[in-house]
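Asker: Chains Y and R, in that order, are what the protein sequence lines are.
In terms of the working numbering, the first sequence opens at residue 1 and continues consecutively.
In terms of the working numbering, the second sequence opens at residue 1 and continues consecutively.
By construction, these hints were calculated from the structure, which means they are not laboratory data.
All of these numbers come straight from a predicted model, not from anything done at the bench.
Check the hints yourself; a few may be wrong.
If several chains are the same, the list does not tell them apart, and a pair holds so long as it fits within one copy or across any two.
As the list claims (entries may be wrong) - Below, a list of computed lysine-lysine pairs in the DSS-like style, where the Cα atoms sit at most 27 Å apart:
1) 588 <-> 508
2) 508 <-> 560
3) 508 <-> 612
4) 588 <-> 612
There are 2 protein chains.
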Amino acid sequence: MIRHPSFVVEPWQLRETELELDVLAQTESVFALSNGHLGLRGNLDEGEPASLPGTYLNAFYEERPLRYAETSYGNPEAGQTVVNVTNGKIFRLLVGDEPFDVRYGQLLAHERMLDLRGGVLQRQARWISPVGREIRLSSTRLVSFVQRAVAAVLYEVEPIDGATRLVVQSELVANEPPPTVETDPRAAAALQSPLRSEEFVCNNNRVVLCHITRASGLRVAAGMDHVVEGPDGTEVTAESEEDLGRVTVTADVQPGQRLRIVKFLAYGWSGQRSQPAVRAQVEGALAEARHTGWEGLVDAQRTYLDDFWERAEIELEGDAELQQAVHFAMFHVLQAGARGEQRAIAGKGLTGPGYDGHTFWDTEMFVLPILSYTFPAAAGDVLRWRHATLDLARQRARQLGLRGAAFPWRTISGEECSGYWPAGTAQFHINAGIADAVIRYQLVADDDAFEHDVGSELLVETARLWRSLGHHDAESRFRIDGVTGPDEYSAIVDNNVYTNLMAQQNLKAAADIVERHPDRAAELQVDAEEVASWRDAARAMVVPYDESLGIHPQDEDFTKHERWDFSNTDAEDYPLLLHFPYLQLYRKQVVKQPDLVLAIQTRGEAFTAEQKLRDFDYYEELTVRDSSLSACTQAIVAAEVGHIELAFDYFGEAALMDLDDLEHNTRDGLHIASLAGACMAPLGAFGGVRDYQGTMHFSPCLPQALTRMAFRLTFRGRLLRVDVNHRDASYTLMEGPPLDISHYGHAVSLETEATVRRRLPSPPVLPSPRPPPGRAPVRRVPER
Amino acid sequence: MIRHPSFVVEPWQLRETELELDVLAQTESVFALSNGHLGLRGNLDEGEPASLPGTYLNAFYEERPLRYAETSYGNPEAGQTVVNVTNGKIFRLLVGDEPFDVRYGQLLAHERMLDLRGGVLQRQARWISPVGREIRLSSTRLVSFVQRAVAAVLYEVEPIDGATRLVVQSELVANEPPPTVETDPRAAAALQSPLRSEEFVCNNNRVVLCHITRASGLRVAAGMDHVVEGPDGTEVTAESEEDLGRVTVTADVQPGQRLRIVKFLAYGWSGQRSQPAVRAQVEGALAEARHTGWEGLVDAQRTYLDDFWERAEIELEGDAELQQAVHFAMFHVLQAGARGEQRAIAGKGLTGPGYDGHTFWDTEMFVLPILSYTFPAAAGDVLRWRHATLDLARQRARQLGLRGAAFPWRTISGEECSGYWPAGTAQFHINAGIADAVIRYQLVADDDAFEHDVGSELLVETARLWRSLGHHDAESRFRIDGVTGPDEYSAIVDNNVYTNLMAQQNLKAAADIVERHPDRAAELQVDAEEVASWRDAARAMVVPYDESLGIHPQDEDFTKHERWDFSNTDAEDYPLLLHFPYLQLYRKQVVKQPDLVLAIQTRGEAFTAEQKLRDFDYYEELTVRDSSLSACTQAIVAAEVGHIELAFDYFGEAALMDLDDLEHNTRDGLHIASLAGACMAPLGAFGGVRDYQGTMHFSPCLPQALTRMAFRLTFRGRLLRVDVNHRDASYTLMEGPPLDISHYGHAVSLETEATVRRRLPSPPVLPSPRPPPGRAPVRRVPER
């Protein structure tokens, strides 16, 4: 999409120089603003045209029944769907008596720009109405990182060619009609009028609407307040009804004059507090925002982001498009996680209704790694949210006949919402993914209270799950049968290597942590027998290996299956899940997304270098990347095994996933995990960043097209900066006490505020493996 | 249920001597009458009380959407549900001004009796109304085997203690309110008012109602006509409206007099013919029935059944209860299949709405064997129905990316209606089951036209399916991966032994048949290469064997899985599928119904005697019999491997499945396949009947409790009678040319109308295997 001529490549901005209605849906997603608590899609101020109007509050959902053609025990009966709450973005503008609508009249100029350092979405337009009145319009929208309940818009209009009567209706609209329903299972279930009015109030320029959801019983209040500056005689009136709040500004404006409106928005919700309390919370937030003022909000936003980029910037030289894409990706990762504050990070963040607003394993396995290294507090918050849902996970485990905790495959509030268990609950690996995130967060953040209170319980309960899910065979080996790994084109398999290796790490980490915290062990009723049983299961874990092929089968039987007939699969047959039954996908060798290759990334120390290369090459021929969680992993492992240029191509694909709408569903929201993966990819692939065994390892190696890469990492209270070119790498400890790191396996001692430079070895020259026909990533550097 | 003191053990009758309302639902099923085209549940004449009012026409269904919590490619979107059509069974009776209702007044006597030789359901009652009028009532109901569109009721009332005004309302009622909805997935989906009126007419004592289904667009007409005999002054009036037809008979009757009404019922339906045509068809059938008269219908019914029993009777001496149960079972198998005439036989026949009225693999694998041996024309008709649905099966195969034909796992009219594919479409073995039935029917019926026209195409298209479903591995072995075998507690497995052995037979039979019929081969575009590829796949078929355990694993990985924890499974946890998720069932060694053991029955020549014994004993410990399709198979294989007393217990369970309501769902209809299995069980177990390789084999051996068993078989134009006691077996060729059979592997030549007697070997003495705790069959002969 960004390749559209209207989009400009600039490092710190995403700019659309003309309004392209054919990509309006996608721009609503990429121009979305969020602080992790409140999210506004990049809808046009005037409300229409719109593809998906969207205003979201993290974890605010409606319940709906899940129906099955054939019921069976253990299927969740209730689903959860993110609600498009009261829309406060709307400014309807009348020019003379003509409504401003980009589809009518003449749009002389239109530009939108997402400012990645300022944290605002700016819009400029010049328009001639059907009867010939010309105006200039600008708006700047922000969702505050500092005041998490607050958004604000600066809206300005001026006439160009003569005195004009301008009417601006600034609105709050609840229960907006949902868009037409999608048949793509990945798109969200639309909800009709989920909100029931509880109260509506208006008072001067301020309106507050209070609603409650019909089924889930969650309360939401949305409020707006305004500061209006206009010529003498400008009038402001306010009104409200159940689903509508409106402040109307009427002004006669001369050329050279302008009408300037600052709209402050505030949202609050609760599943427990009373309606007056929720209303008061919103009115309080509005008061604070008004007190801060527009300029104050903008300044605080900039300061917040300056601080973030100081710790998180990734610099790439040699590919301006990817530089922009990585800044964009990191910005959206921040937006998804910044102020979640013990809520989940949804698959789409707060940028759209895709996947019903659910959170998956992506959060822990793709989003938290980069957050842990750049914004560890946000990573800790997500894990605290998981911890808060432990009781539900324990109940689910009981229902499944298992011990410990079985976290949901997809959820908003902690209940399992997966309606197809072979690609849902059977993906038990999510539990090991949560454990992995706990281990990494502890390692990076050095957060003792977390480890003691939160991490220990998460590790213990997930270890208990694995111990009860697996069993010993006649040779005393520990098997985990009948589960689904990350590759959803296989399901209900025995001894999935990724799952078993991740469970092994989980079991071992649980044993270690309770030995470090005997008080917690006692509280969690862990005794020496149980710890020994975890250590034994970890030690005896089956990791299948196919001697005849010299590779790890993805699961015990994978390599016995027929290969997918790629040569007779057309380009339009992808994604395969929309054109072939699971029945066929499951029984053949075809990989939706890295599974064994992901194990190489996450449990690299369990593979030899030779195995990694052979495994990668084998699965490369089978991996169709029908999931957005593919390219980032393939980039990292491709680089590790020596396919550095292929890694660059995969990095390019990961980074442009949403900007180029490669999955054709960016309209439903951004792929937050893929964006996070696109930030980890250059670190993991070209920085060789690994955190095995508590040490930061680096093995940098740049692809030809990049002349330089620099990035920053937070690690145990240090801020580390790594600067790489084709010749050498510089490591700078910008903050914090001395630290030993590893450069290509050699220890390097870093002193505070000092830089150490090391030469890079020559990269290997290897024949490239062949992805399935038509499924190779786009070459960043065209072959000569 | 039959153990209820109200039920009497008699060889040719099922008699209830008191009305037991607590088992009313079950009696509606066991007292159901049907001819395979039209079925009437055993509802009380007066309509109430009723559990499930039911009147069914074979293949008359309504369509309904199938909903999925998560959609995926290839899931069927439309379901089919059998419709409770216009109810013509109803006689409402007013005694004085009190409605006759068994729940009010005083029921002095009530007896119902299903006459298995007469083919009628008789009822006798004596009742005193709340105000003290005493009457005697009797009704006799039949569904004609001879006039397939016709049912009739003889209804008689007489006052006992004084002149009484009697009003009888004989009704047709459409769109009866459905019963409360069940949550048990095995129960049918209830349908609200599926019928829309097209016409209603009344004329003298005759009423016809014509309807069409709302979604599936099928037309049905139901008509009734009456012959009334009563005292002078008896008045008859008729009326009709959209969903109601009524003929009202009013009479003042003295003691010693009686009111006698013969009600003729006729039904017709069509998906193609016009409403006038369907109406005329019903009126024609009514005219014929009235012309035949009540006595004529009763006589023809008796003659039809005399002829049937002559060819199908199974005599058991030594266990009167099982003698009755086997007669009952055979009667219901006949009722399900007699006049289907190229329609399916549903899982519940026409006795109830269970399983939505769908047909499964049970028909070919459990019902057709006994039908082939006793009523081969009916078996051929079912296979002609399958053949008529070949185009739908070919389309389904295309949709699944396969060649040939993929017959539906569950259907009424041929479309796949399975809403859970791992236990639905993935059970490809149904296709080999159809092929097996084709092979057996050809063998038994010697029907050349069928073989040439129908059998050849069914075998070729199913062979094509198998060839495309399997593939060769690196050692050139032919594997069938990712399918589900008969045991639904495992799913999506590799190389299920039952499936592979049945597919092997299917492939070989297809190759043989096209070589016998080169003209058909040409028409079906089968060339020598294709035939060779079938023979190769059959020869190279993988049949897994576990060397360390010395048994066949049910599928390649089965024996690696953990054993189900039977010792911690309570009695009330069965059936397991209602108390545990599939997720757990699939990953453990627990067997819902015989799978490997069924392979021993159906492909016995592929196992050595030692393997059969070890396999049976191994699976016996794992088989919980949560399906009614268990005990009959276990009986046959238990007997073969030498556990003759265990076989007797299983036979007892199979035979009493519905009479004792062992699955707790007889209310929804009878388990026709289990009843058929209960007929095959004594033949297979105690007669040792097998038809491997075109010869009839017998290895008789009676359990201690049975002193004698005799049965009849039709085979290639012969009627064979086998009479067995503990000492010897007599074989009599009652009709047809000489035949060679096998007795314990020794050839025996039979001459027409001659009897040959052979001694039996002594039965082996073996230790009995142990079914899971609490899941052993009830001992027929209590241990001392």
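Asker: Hints first: check each against the structure and report whether it holds.
Answerer: Against the structure, the hints come out as follows:
When the C-alpha separation of residue 588 and residue 508 is checked against a cutoff of 27 Å, the pair qualifies only between copies, where the shortest distance is 25 Å, while the shortest distance within a copy is 33 Å. For a Cα distance limit of 27 Å, the shortest separation of residue 508 from residue 560 across copies, 24 Å, qualifies, whereas the shortest one inside one copy, 31 Å, does not. Taking identical chains as interchangeable, the C-alpha atoms of residue 508 and residue 612 lie at most 27 Å apart only when both belong to the same chain, with a minimum of 23 Å there against 44 Å between chains. Taking the shortest Cα distances, residue 588 and residue 612 sit within 27 Å of each other inside one copy (22 Å), while across copies they are farther apart (32 Å).
The structure agrees with every numbered hint stated previously.
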